[in-house]
Structures are given as C-alpha cells and as structure tokens.
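One line per chain: the protein sequences are A and B, in this order. Under the numbering used here, think of the first position of the first sequence as 1, with each following residue one higher. Under the numbering used here, think of the first position of the second sequence as 1001, with each following residue one higher.
Simulated from the structure, these hints should not be mistaken for lab results. Because the structure is a prediction, the values reported are computed rather than measured. Watch out, some of these pointers could steer you wrong.
Sample of chain B residues facing chain A (criterion: CB under 8 Å; computed from the structure) [to be verified]: (1) Trp1094; (2) Pro1139; (3) Thr1145; (4) Thr1148; (5) Ala1149; (6) Asn1202; (7) Met1205; (8) Val1206; (9) Ile1209.
Stretch by stretch, here's where chain B covers chain A in the computed footprint (C-beta under 8 Å, at least three residues) [what the hints assert, rightly or not]: (10) 29 to 35; (11) 47 to 60; (12) 63 to 76.
Note that beta-carbon positions come from the ideal geometry of N, C-alpha and C, so glycine has one too.
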Amino acid sequence: MNSTENTSRDKIIFTAQLASISLIWIFVIAIAIWILNLISVSVDLNDAPGISIAISLVAIPVFFTLASILTYVFVGFHKNSKSDLNNTLGD
Amino acid sequence: MTEEKTKTIDIDEALYRPIYETGRGFYLTVGILLMIILFAAFMYVRQVYYGLGVTGMNQPVTWGFYIVNFVFFIGISHAGTLISAILRLSKAEWRRPITRMAEVITAIVLAIGGLHPIIDLGRPDRVLNIFTAGRLQSPLLWDVTSITAYFTASTVYLYLPMIPDIAKLRDRGGKLTRFYDFLSWGWQGTDHQKKVLNRAINILMVMVIPIAVSVHTVISYIFSMTLQPGWHSTIFGPYFVVGAIFSGIAALLIVMIAFRKVFHLENYLKLIHFQYLSTLLLIMSLLWFYFTFSEYLTGIFGAEPHEMDVILYKFTGPYAIFFWSMVVFNFIIPVIVLSFKKFKTIKGILFASITVVIGMWLERLNIVIPSLANPRMELGSGMYFPSLTEWSLFVGAIAVFVLGYVLFSKFFPIISIWEIEEGREESIKEVEKRVKSYLPGPAETSD
C-alpha cells in the first residue's frame, strides 16, 4: 500500500472519528433540550417546576461533563501526538 | 526493546486467542442464542399485536415479570462500573484482570434492563410521549434520566480504558484493522496520551460512583414514592443499592468463572481474585440480611393492617415459597459456603453466586408482586402467573446478555492487556512504596 493510499485512509478514519464525537455532542445537546422542554411544560402547567429545575441542574451537567471528557481525550490524543511519537521513537 | 515487547505479547497470547481463533463452539453458541432471541422477538411481536392480554398481568397485579426483570437487570449492572470504579479508586492491584469483565456486564445489562419498561407498555410507540409530555416530577422520568446518564457514563468508562488494547489489535493487523484504527483514536502510547487517558479515567471513576448509586436509588423511588403497602419505605433507596451491588458481584463471579473455564484464563483469574470478590459477596450478603430484617421488623412491629396483608402474603401466603427461598438463596447458602475456607473453592463460589443471582431475582419478585396483589382498596387478594410470553422474553433477555458478552469477547480482549502489562512493570514498586508510606516513620510535612 503506498503512502497516498495510507494518507487518504487516515483522513477517512479521522473524519469518521470526528463525526462520532459530533454525534455524542448532538446526543448530549438533544438531552439538554429535552429536559429544558420538560421544565417549560411544567412551568406552563404549574406542575412542580421547582423539582424539574432541581433535577435538570444535576442531569444536564453530568451529560455535558461526559461529552467533554470524551472530547478532551480525543483532542488530547491528537494534539502533539506526532512530535511525542518522534521523541518516543528517538529514545 | 523489541525482544522485550515480543516476550510480553507471547506472555499474554492467551488474551488474544479468543479474537483470532474461532472454534465450532462459538458458532454453535451464537446459533443457539440467536434462535432463542428470535423466538423471544416473535413472542414480543405477538404481544404487540394481541396486546398485554397475552401476559399474566391482571387486576390488581398490573406489573409482572417485565418490571421485576427491569429492576433485576439494572441491579446486575452495578457489577461493573461501580465495582470497577471502587477498585480503581482504592488502588486495589488485584482489580486488573477483573475490571473490564465487570464494565462489559454493565453496558450490556443496562441496555437490556432499560428496554423492559418499553416491553411492559402495551403500546410501545407511546414511549415517545416522554419526549413531548413527560413530567419531571414523576419518579419514572427520574429513572429515564438517571439510567440514560448511567448508560452513557458506563459506556464511556468501558471504552476509554479499552483504547490502548484496541490500538494493540490495530497494530497486529488482520481483517478488522480499519475498525480498530477507527476506535483507537490515534493512540500511539506516547507519554502525553497516557497522561490524558489516565486523567480522563480518574475523573470518570469519581463521577461514575454517585451516578451508579443514584440509578438504583431512583429505581427504588418508583415503589417507595407511592403509598402502596410494602413499598412506602424510607430505607428502600439504600436497600436497593445494597441488593444491586450484591447481585452484581454474584453475576460478575459467574461470568469470571465461565470465561476462565472457556478461554483457559487460569493464569489471569486466580483463586485469590475469586476469594477477594467472594469476601465482598459475603459482606454484601450480611448487609442485605440486615436491611431485609430491618424492613420487615419495622413493618411487623407497626402491624398496620394493609402492611400486614402484604407481609403475611409473603411469609405464610401464596408467596411464602418465594420469600423463604429468597432468604435461603441470599443469606443461608452464601453465608455457609463463603464463611468456611473448605467451601470457598471456585466451585463453591460459583454455587453461592448462582444462588445469590436467583435469590436476588426472587427478591425483586417479592417486592413487586405481593404489594400489587394486596392493594389498600377493599379488593380481594390478587394472584399473578407469568405467561409463556413473559417467560420467553425473560429467557430471551438472558440470551441477549450472553450473546452480547460472547460477541464482545470475539472482538475485544476480555481482560485489559495494557493494565496487566502496567501491573507487571509498575505495581510491585508502587505497592512497596505505598506500604512503606503506611509504616511508622517520620511523617511527611504537607501542611
């Protein structure tokens, strides 16, 4: 397999990985929107909005933290990876 | 360096073997499981077509096997992420061959358990109503939120520690190289990547513990937030969490023993691992008994008539066989087997674990059905007999779990290879350093 094929394969895989990270964010944002919608329903109906807000204050940050951790790992792996690899190989 | 690497790969070849070698047993197992699942799927389609009349649910027992299994499977899910996180957090070195097996249980079982309330709906399409007209003050919706959070956290917690192993599979080549390349996220094992991964795992393991505890607490709220006799109890939250961890450890032990036997992992899963885990199982058995005793003693002492109806239904009524079997399976057998060194062998531990899993399923049955069968309203006492549809879906759910586990082990190492390598390289020094820090000597002045 030549280097051009390798590079294009790497690009496809990287794009797919980026897409998977984006999907996770879409999932998390969708959950946040859903929970906010439920709060708005409870406010409209005067149906214990306080409880709904309390639950969402816990739930929404949990989902965002999980997505942030994944993003942090993904970015962290790709950041400096080539220079670090050269250093490791140099050892 | 290269020689050293090759040597390490050779040592751990047993962990790669299930991925690269596929025997006839694998196809046979998958085939049988698929047939069971297909039959269960057929029965479910039939239920959707004919309605919930094909189940044994009736008035007043409107919840049956599906909700029992929902609580049971979510309980089993505590085997994984919670136990793994606690062991990692406490730096228990013996955790290394166990954590992944535990985490896989969580991911698969949570997905199965989470589907059960939908199966319980006569009109499954109505599950979509929670997106538009859900009421967040309902404990049922707390469940949806917390189970989704736990499932997401558990999947992330399973995936991240797998990355270095996926990269190893990628580097070995083969038909699935691109698949592994995609999943390995460019892992090259550099110091920076290791630092990033360890930091992420550390944050996750702290995060996952309260999420796991919240899930089963919230599940208990489905029952305890009602005024139903036998359910309206303040200790239901911790009682459910204790039961979940208890059944989770037992399920983990069964899985470990099965895979040890099938994949010949005796060099990785040693007797000491089973003994440590079974000690935990024994502690949980005692704790479970304490909670059960407190729960029923309080109810009996109060002697509230409706509460007594439920208690007598369990103690001497139609559910006596299930109640007392539960006590024998969850308390008497495990305590006898696990308290004596003579019985604490792999076979003994397997026996105790199987009884605990059955006992904990009976416990869920004893919680759900008798309270519904004895409502506060002046109705006669009800009875519930599960139908073939419910039995089929129960067996189908177990088959999905086994199939999920078998397929996972076909694509990924069931034991974390990089953590085993790390253990060989660093653990002895680290443990020595830690032990020295416990011993009397000049105190470190951090303040």
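Checked hints:
no. : hint     : in the structure
1   : Trp1094  : violated, 26 Å
2   : Pro1139  : violated, 11 Å
3   : Thr1145  : holds, 5 Å
4   : Thr1148  : holds, 7 Å
5   : Ala1149  : holds, 5 Å
6   : Asn1202  : violated, 10 Å
7   : Met1205  : violated, 11 Å
8   : Val1206  : violated, 11 Å
9   : Ile1209  : violated, 13 Å
10  : 29 to 35 : holds (count 3)
11  : 47 to 60 : holds (count 7)
12  : 63 to 76 : holds (count 9)
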